[in-house]
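Listed below, chain by chain, are the residues.
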Amino acid sequence: MIVRPPQHWFRRLFVWHGSVLPNILFRLSLNFIVSCLAVLCYHWHEDFNVNLTLGPFSLLGVAIAIFLGFRNNASYARFIEARVLWGSLLITTRSLMRQAISLMPHPGGEHRRFAMLLTAFTYALKHHLRHEPMAMELTRLLPAQDKAAVLTSYSPCNRLLQLMGQWLGEQRRRGYLSDIDFQTIDTNLNQLSVILGGCERISNTPIPFAYSLIVHRTVYVFCALLPFALVTDLHYMTPLVSVFISYTFIALDALAEELEDPFGTEANDLPLNAMAHTVESNLRDMINDHTHLARVCPDSHCRLD
Amino acid sequence: MIVRPPQHWFRRLFVWHGSVLPNILFRLSLNFIVSCLAVLCYHWHEDFNVNLTLGPFSLLGVAIAIFLGFRNNASYARFIEARVLWGSLLITTRSLMRQAISLMPHPGGEHRRFAMLLTAFTYALKHHLRHEPMAMELTRLLPAQDKAAVLTSYSPCNRLLQLMGQWLGEQRRRGYLSDIDFQTIDTNLNQLSVILGGCERISNTPIPFAYSLIVHRTVYVFCALLPFALVTDLHYMTPLVSVFISYTFIALDALAEELEDPFGTEANDLPLNAMAHTVESNLRDMINDHTHLARVCPDSHCRLD
Amino acid sequence: MIVRPPQHWFRRLFVWHGSVLPNILFRLSLNFIVSCLAVLCYHWHEDFNVNLTLGPFSLLGVAIAIFLGFRNNASYARFIEARVLWGSLLITTRSLMRQAISLMPHPGGEHRRFAMLLTAFTYALKHHLRHEPMAMELTRLLPAQDKAAVLTSYSPCNRLLQLMGQWLGEQRRRGYLSDIDFQTIDTNLNQLSVILGGCERISNTPIPFAYSLIVHRTVYVFCALLPFALVTDLHYMTPLVSVFISYTFIALDALAEELEDPFGTEANDLPLNAMAHTVESNLRDMINDHTHLARVCPDSHCRLD
Amino acid sequence: MIVRPPQHWFRRLFVWHGSVLPNILFRLSLNFIVSCLAVLCYHWHEDFNVNLTLGPFSLLGVAIAIFLGFRNNASYARFIEARVLWGSLLITTRSLMRQAISLMPHPGGEHRRFAMLLTAFTYALKHHLRHEPMAMELTRLLPAQDKAAVLTSYSPCNRLLQLMGQWLGEQRRRGYLSDIDFQTIDTNLNQLSVILGGCERISNTPIPFAYSLIVHRTVYVFCALLPFALVTDLHYMTPLVSVFISYTFIALDALAEELEDPFGTEANDLPLNAMAHTVESNLRDMINDHTHLARVCPDSHCRLD
Amino acid sequence: MIVRPPQHWFRRLFVWHGSVLPNILFRLSLNFIVSCLAVLCYHWHEDFNVNLTLGPFSLLGVAIAIFLGFRNNASYARFIEARVLWGSLLITTRSLMRQAISLMPHPGGEHRRFAMLLTAFTYALKHHLRHEPMAMELTRLLPAQDKAAVLTSYSPCNRLLQLMGQWLGEQRRRGYLSDIDFQTIDTNLNQLSVILGGCERISNTPIPFAYSLIVHRTVYVFCALLPFALVTDLHYMTPLVSVFISYTFIALDALAEELEDPFGTEANDLPLNAMAHTVESNLRDMINDHTHLARVCPDSHCRLD
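Chains as they are written, first to last, in the numbering used here: chain A, 111 to 415; chain B, 111 to 415; chain C, 111 to 415; chain D, 111 to 415; chain E, 111 to 415.
Hints may be right or wrong, so weigh each one.
You can't tell identical chains apart in this list, so a pair holds if it fits in one copy or across any two.
To be verified - Quick list of in silico lysine to aspartate or glutamate cross-link-like pairs, DMTMM-like style, CA-CA up to 25 angstroms:
{"#": "1", "residue 1": "K257", "residue 2": "D399"}
{"#": "2", "residue 1": "K257", "residue 2": "D289"}
{"#": "3", "residue 1": "K257", "residue 2": "D395"}
{"#": "4", "residue 1": "K257", "residue 2": "E242"}
{"#": "5", "residue 1": "K257", "residue 2": "E376"}
{"#": "6", "residue 1": "K257", "residue 2": "E280"}
{"#": "7", "residue 1": "K257", "residue 2": "E247"}
{"#": "8", "residue 1": "K257", "residue 2": "E191"}
Keep in mind that the hints were calculated from the coordinates and are not lab data. Quick caveat: nothing in here was measured; it's all calculated off a predicted structure.
Use the sequences and the hints to build the structure in full.
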């Protein structure tokens, strides 16, 4: 079902990509209109003895290069860090499950309970980051008592970690796990805590708003003034060139804004649904539970499977 | 209570953001006045056979791009590192509490004592970084004897870590914890020590002052001379364009200065109050202490909860 | 058999390198044709009162510098991370084998079994990343029962890790390994889990497609318009200079695209065959199995041995 | 005693900062003289039909931006890494002391001996990095036998680490520490070894000298030729603008050179005295030794306390 | 014996540095000849109605800035990583020796055997990376049996690690080391495995050759065309300015190429001889073996001691 973007260089020039271009189409039309005005008013502003050359724009270009380049890097770094944290979630849940199975080969239904706690943690984290209610998923995965404890907690994900820790302590007291075994598994619980804290940090602390503001203003004033500087040389070609240059700058500004908050549900955000689904499938596979999970379709440009 | 900044691109152009613009408004007015002077004196400095073109400014632009870009990255890196350290504080205190609960399920009031020591460490770190007195918070959280030991110490936060270590050693001697359990928990105490040392490093070692000085001078001389170069082409439009270009450079300089010391109390600094509050709420929740903590309002552009 | 590229600076100018130039030759010819058209039509577009100077191109240059530089760095970072992960695979399998041999000096054929599981993991990872069938290699390395378990699993590589964990748990229950020894080895199994997760992340999450799209369009429109700006000054020399400038930009765009997906089978991708071969050779050498493995020839510019 | 630099933007423009400006004042005067010559000879070099425009300088600007930017980043990275290593030294010595106190609550004077070894390691590292004799400090802190062993060693700091390891092994043999406790503490001794090796690396391996050489030459030839390019447009203003532009480039070159070797005793180097003093104060505080240490004054722009 | 480069800024301008300049002198002379041709043919190419201005060169400058900056960073990162790995080798061998001495205070000649294995590993790594025969050094350090096992192995360095692991396992079976002690030391053996794998990776995987190729071509064509663009303005000064600009670009290209392979024996490569010597001296010092090792002289610009 995944529609791969075209690989051929020529078809890529004209592909209609659903994420950035539609959002900024209106702004580009504004730029087109301003450009047309600039062409029409060309003779007038010569009378005012004002020659808006490209010189000041190259100075603005320096500022924009610093700002836009910085913000783009900062946004992409947030996106990548968020992806790495969710990749680490898959890694750590698999490792925890592997350790539980290796160390306690036959403890009745305990494997299943641990797998369900890990799965619940994954879904709870997803819903927490997207500010959605998580009761439904928890009902599916947890016994009523745990579910209540989680939902009434100040921090549901952390409460799930605490439940895992208590389950682990219980196995130790029953003699299923030695001190060392507890430590071996607990190291990976710490890792889950790191993942939780990292996702919360990205979600709660945006890039300082002043950056976005200054970048935004610089880019838009730059694009609004550009036609008046281009018109002297380009004349009737001004709208075309102006819209194209504006496209590159505004698209980068808009894209960086989308990537800044990678846990949302916009086009370029992380496919948390598919990733949580992968975690559950892996864990179920490891305890030989072949329940058929409905396949989740990530958006068309994510290849995660 | 949190006022989210406007998401729409158009409203963002005119939003009045409380952090950077007001601080630099006076400097921008100076630039405006100089620009007006440049327009008035235009005919005079032609007589001196001096043509200040934009050429030298593009060379200065190279220097400014290196300097300002570098300083901006360095300041932002400090801001992010400080945020990561405080995020790590939340992660580590939760992990420590989870381990204590898993390993020692029923040791009387010991959980509460450990939770209070962790909370006291968090508040002590906050006050230490902001050079504020910490006695009040400590009175609320610690018994009198501990409080005295902490306040008379050379390094209060480190003394709190030492108290945690001694508490841990005591539990071990009582037989509540094995050697391995001690090691499991002590690894996270080391992590707290790393957080403390990292925050002290950021707080005590600014970016070498010579950088700020050179950036500062380059930017201000650049902005002061700019109108004289723009006036030849732009004439009456000079003040507008000059103030706008100066805005981008001066705003970046001012913002980088704010972010450089992320533990202060300016607009773009870290919301330490809210973050310490989060730590306390999490720890209290984990020991099922549902004391109602007054909700701390972070400043309007922080979404931390 | 490895043909080293020429080291001498002069011969490098004219070497025919099999990876990038052939792919973009057609696009460069298009640029050549457009350039010739620009020379021919030179007198016409003067009549339209349109002077396409190099000014707007230097503004586009700023945008391209940000985009192309960013995308190049991001692609190279993916390539390097993938290489580090595979280097780490060699490191970790060697460490695991060393630990197994040191801790269990004479447990019959168990060393061989562990070595085969590690080798199978390596080949399974290779085939998984390249979306190839892995049955043949597994038949060569694993007993039928394990092979079936792996091939029917949701995630074959992870199932192999689980088999290693179960093998380890078995050795512990038999008394060959203590708790501590299990922990010592399990830490490296976690590392294999990290490698698996990291490779899956790189393979499943491309750089957001919008980046490629914007870079691509900017570069191609830039190159298509370039001849019309150069023709005023360069006249008959236009095609030469235009094709050369286009070569640098298009080649960088094409190279970044190749490196973005480092697990493929294009010219600049990682030599996974040779690297898997190295892992197998090392492991066989460590258990003194001198089976002669057919030497794998990596492509001509990889020096891996 | 610490004189803080002025915070106000206006006073910063004229502050006399003791580190960079004085060092380069002579070079700037040379530039001033060359500029005056350029003004005087203006009419002559017109006769030679040579017009040194700003064009070639913008190409040099590209080279300088790459070089100077790179070298500045590399130097700053060395400075920061050195600072992090010394921060880590404080963190690790505190952690080691905490562990020793928690694990061995009443072993006579052993705490003091360990604290003195840690302090001696800190001072020995400082003197080693600054190539100063360390005998005096060691006499103050160590018994005669240890001192002799350290001073006659090939690597005094490493010998101190070895002494700590032997002290630790002794405690284990006496039964004060279990195997696990030894491991817990030994992990931090490894960390001290990492700090030692990291500082030696920074101190022994400068940035490849060829970089400094090329940057240096490019910057100085650039500044020497600059007046001849500016004089056509700026005439009598040439010296002013030329000296200002040269100031930014030469100051960055000089500052990067200072930061490159962060363990020296120049203005922008690390305040090793104050940092070693902090380590000693912390350790003494932890063993409740309230010997009054003379307060060390760091240089005026370091806020470390 | 180490000749330090001059520190004074003026003497640095004219120092004859043995690494980069001699290698590129021939290419710069070619550029000089082309420049002279450009001056001579000046009147001719005016007749062809071709004006090669500096405009297209500033566009090429953007491409070169991206390419050359990227390649320079990538090469330097390889150099630094290689240096860090060898620094880590010194750190880890010292830590391993310290642990062996602390944990097994009097086991006869075992310390010496372990020190020799570590030293042999260091030299074997050096010879492996430089593709030199290692038999002579191994004869000096290892008993005949071990030497044979190492030399006939597929991967000699890894076989040495395996021998260390087996030695460690033997000590454990003899009762000199507990499980925990084994784990404590084995962690550092893993670190040696990481160092070995890291060095092999740097040595075996160059920067994709296509990068070098494109950078190389862009730089050389740029430098070859440059005189024709400069001659219009600079006339007789063309050769001077052209050679200077070419010097900066070609020197950076040549330097990046040298640093790319840091394990070679060129001027700016790592002083592996001196570093291996340092490891041996440290290890011998730790076991109180005061054999006088001949001092190795690193090349004149390395300060490693």
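Inset, instruction - Please flag the earlier hints that this structure goes against, numbers listed from lowest up. - result: Going through the list in order, the structure violates hints 2, 5, 8 and respects the others.
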